[in-house]
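Kindly produce the complete structure, drawing on both the sequences and the hints.
Numbering follows this note's numbering, in which position 39 of the sequence shown is assigned residue number 36; successive positions increment by one, without gaps.
It is worth saying that the hints were derived from the structure and are not from the lab. A few of these clues could be false.
To be verified - Straight-line C-alpha distance at most 27 Å; calculated BS3-like pairs for lysine-lysine:
(1) Lys189 x Lys164
(2) Lys189 x Lys160
(3) Lys73 x Lys87
(4) Lys160 x Lys42
(5) Lys105 x Lys209
(6) Lys189 x Lys140
(7) Lys209 x Lys164
(8) Lys189 x Lys209
(9) Lys164 x Lys38
(10) Lys140 x Lys209
(11) Lys140 x Lys87
(12) Lys189 x Lys120
(13) Lys42 x Lys105
(14) Lys105 x Lys164
(15) Lys73 x Lys38
(16) Lys160 x Lys87
(17) Lys120 x Lys164
(18) Lys42 x Lys73
(19) Lys42 x Lys120
(20) Lys160 x Lys209
(21) Lys87 x Lys120
(22) Lys120 x Lys209
(23) Lys38 x Lys120
(24) Lys42 x Lys164
(25) Lys73 x Lys120
(26) Lys164 x Lys87
(27) Lys209 x Lys73
(28) Lys140 x Lys105
(29) Lys73 x Lys160
(30) Lys105 x Lys73
(31) Lys120 x Lys105
(32) Lys73 x Lys140
(33) Lys87 x Lys189
Said to hold, decoys possible - The following label-pair restraints were derived from C-beta to C-beta distances:
(34) Ala57 x Asn25: 47 to 53 Å
(35) Asn214 x Leu159: 32 to 38 Å
(36) Thr205 x Ala62: 27 to 33 Å
(37) Ser193 x Lys87: 31 to 37 Å
(38) Ala197 x Ser91: 17 to 23 Å
(39) Leu159 x Ile50: 21 to 27 Å
(40) Ala197 x Pro104: 23 to 29 Å
No experiment lies behind these values; they were computed from the predicted model shown. Here a beta-carbon is modelled for each residue, glycine too, at the ideal position from N, C-alpha and C.
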Amino acid sequence: RFVYSASHDLRSPLASIMGLINVARADNGSPQVDYLGLIEKSVVKLDSFINDIIDFSRNARLDVAAEPIEFGTMLKDVFEDLNFVEQYEKIQRSVFVRSTRSFRSDPKRVRIILSNLVANAIKHHFPAQRNNPFVSIEVVDDKDGIIVTVSDNGPGIEQQYLKDIFKMFFRATNRTPGSGLGLYIVEETVNKLRGSISVASTLGEGTTFTLKLPNLN
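Right, dumping it as structure tokens:
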């Protein structure tokens, strides 16, 4: 099932690119830059999906490496990696690191988790439909480790879909492009780190993911 679905999602943007190239060759009237913009969107989609597969593969085969994590620096890097997203500048971004204890986990895996959660919050936002759109991340100490909450006031998720959002290739909406692998990889990675993740959402009001990770001393 994975190979079938992945092959379809890999070929779809490639088919779009080939179609656009053929149309551009036959069209002598429109500026070529218009076609380049559309081709670029397909390339970005393809690149994103390939990165999801790489993350999925790494999580499955690599051992966990426990190292010190500084969440302020990591989240700054995560946001910088997402500054190409179309509505990035229109959304208020807040980070509150209230943790005072040393925390150790696998930095690469923690970054995969945070990148997916933050990217989802930004990509599914529709700033034009919301006053003061925001994405907020808070990191606090827990008895056995750390708790990270990622909240937004985006469109929210229908209650009927909440139980399925961590399933492979599941997508609750077609309004934004995506592989349907992101949240599946998040849950698999959280499990690898012996943590837990939950979601609460209200349609039209926003979504909050709560991530709990143990300190791997």
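Hint by hint, here is what the structure shows:
For the suggested pair Lys189 and Lys164, the alpha carbons sit about 16 Å apart, so the restraint of at most 27 Å is met. At roughly 20 Å between alpha-carbon atoms, Lys189 and Lys160 fall within 27 Å of each other, so this suggested pair holds. About 17 Å separates the Cα atoms of Lys73 and Lys87, which keeps this hinted pair within 27 Å; it holds. A hinted pair counts as satisfied when its Cα atoms are at most 27 Å apart, and Lys160 with Lys42 qualifies at roughly 26 Å.
Straight-line distance between C-alpha atoms of Lys105 and Lys209 comes to about 16 Å, which keeps the hinted pair within the 27 Å bound. A threshold of 27 Å between alpha carbons decides the hint, and for Lys189 with Lys140 the separation of about 20 Å falls inside it, so the pair holds. Our distance criterion of 27 Å between C-alpha atoms is met by Lys209 and Lys164, whose separation comes to about 19 Å. In summary, the hint linking Lys189 to Lys209 is supported, as the alpha carbons are separated by about 12 Å, within the 27 Å threshold.
With a C-alpha separation of about 26 Å, the suggested pair Lys164 and Lys38 falls inside the 27 Å cut-off, and the hint holds. Proximity of Lys140 to Lys209 is assessed by CA-CA distance (about 10 Å); at most 27 Å being required, the pair is judged to hold. Simply put, Lys140 and Lys87 have alpha-carbon atoms about 36 Å apart, too far for the 27 Å limit, and the pair is violated. For the hint linking Lys189 to Lys120, the alpha-carbon distance of about 26 Å falls within 27 Å, and the restraint holds.
A C-alpha spacing of about 22 Å is found between Lys42 and Lys105, which places the hinted pair at or below 27 Å, so the restraint holds. About 22 Å separates the Cα atoms of Lys105 and Lys164, which keeps this hinted pair within 27 Å; it holds. A distance of roughly 25 Å separates the Cα atoms of Lys73 and Lys38; the hinted pair therefore holds under the 27 Å criterion. Restraint check for Lys160 and Lys87: not satisfied, since their Cα atoms lie roughly 30 Å apart, outside the 27 Å limit.
For a cut-off of 27 Å, the pair hint linking Lys120 to Lys164 stands: about 19 Å separates their Cα positions. With a C-alpha separation of about 23 Å, the suggested pairing of Lys42 with Lys73 holds against the 27 Å cut-off. Between Lys42 and Lys120, the direct Cα distance comes to roughly 13 Å. Compliance with the 27 Å bound is thereby established for this hinted pair. This hinted pair checks out: Lys160 and Lys209 have alpha carbons roughly 18 Å apart, not beyond 27 Å.
For the given pair, Lys87 sits about 12 Å from Lys120 by alpha-carbon distance, which is consistent with the 27 Å threshold. For the suggested pair Lys120 and Lys209, the alpha carbons sit about 23 Å apart, so the restraint of at most 27 Å is met. Between Lys38 and Lys120 the CA atoms are separated by roughly 14 Å; this keeps the pair inside 27 Å, and the hint holds. A C-alpha spacing of about 20 Å is found between Lys42 and Lys164, which places the hinted pair at or below 27 Å, so the restraint holds.
With a C-alpha separation of about 17 Å, the suggested pair Lys73 and Lys120 falls inside the 27 Å cut-off, and the hint holds. Straight-line distance between C-alpha atoms of Lys164 and Lys87 comes to about 30 Å, which puts the hinted pair past the 27 Å bound. With a C-alpha separation of about 20 Å, the suggested pair Lys209 and Lys73 falls inside the 27 Å cut-off, and the hint holds. Annotation: proposed proximity of Lys140 to Lys105 holds, straight-line Cα distance about 23 Å (limit 27 Å).
At most 27 Å may separate the alpha-carbon atoms for a hinted pair to count; Lys73 and Lys160 exceed this at roughly 30 Å. The suggested pairing of Lys105 with Lys73 holds, with an alpha-carbon distance near 15 Å, which does not exceed 27 Å. Only pairs whose Cα atoms come within 27 Å are accepted, and Lys120 paired with Lys105 is accepted, the gap being roughly 22 Å. Restraint check for Lys73 and Lys140: satisfied, since their Cα atoms lie roughly 25 Å apart, inside the 27 Å limit.
Between the alpha carbons of Lys87 and Lys189 the distance comes to roughly 35 Å, so the proposed pair goes past 27 Å and is violated. Distance hint for Ala57 and Asn25: a CB-CB separation of about 49 Å, consistent with the stated range 47 to 53 Å. A hinted range of 32 to 38 Å for the beta carbons of Asn214 and Leu159 is consistent with their spacing of about 33 Å. Checking the proposed 27 to 33 Å range against Thr205 and Ala62 shows it holds: the Cβ atoms sit about 29 Å from each other.
In this structure the supplied range 31 to 37 Å holds for Ser193 paired with Lys87, their Cβ-Cβ distance being about 32 Å. A C-beta distance of roughly 18 Å is found between Ala197 and Ser91, which places it inside the suggested range of 17 to 23 Å. Between Leu159 and Ile50 the CB atoms are about 25 Å apart, so this pair conforms to the stated range of 21 to 27 Å. Checked against the hint of 23 to 29 Å, the C-beta distance between Ala197 and Pro104 comes to roughly 27 Å, which is consistent with it.
In summary, the structure is inconsistent with hints 11, 16, 26, 29, 33 from the numbered list given earlier, while agreeing with the others.
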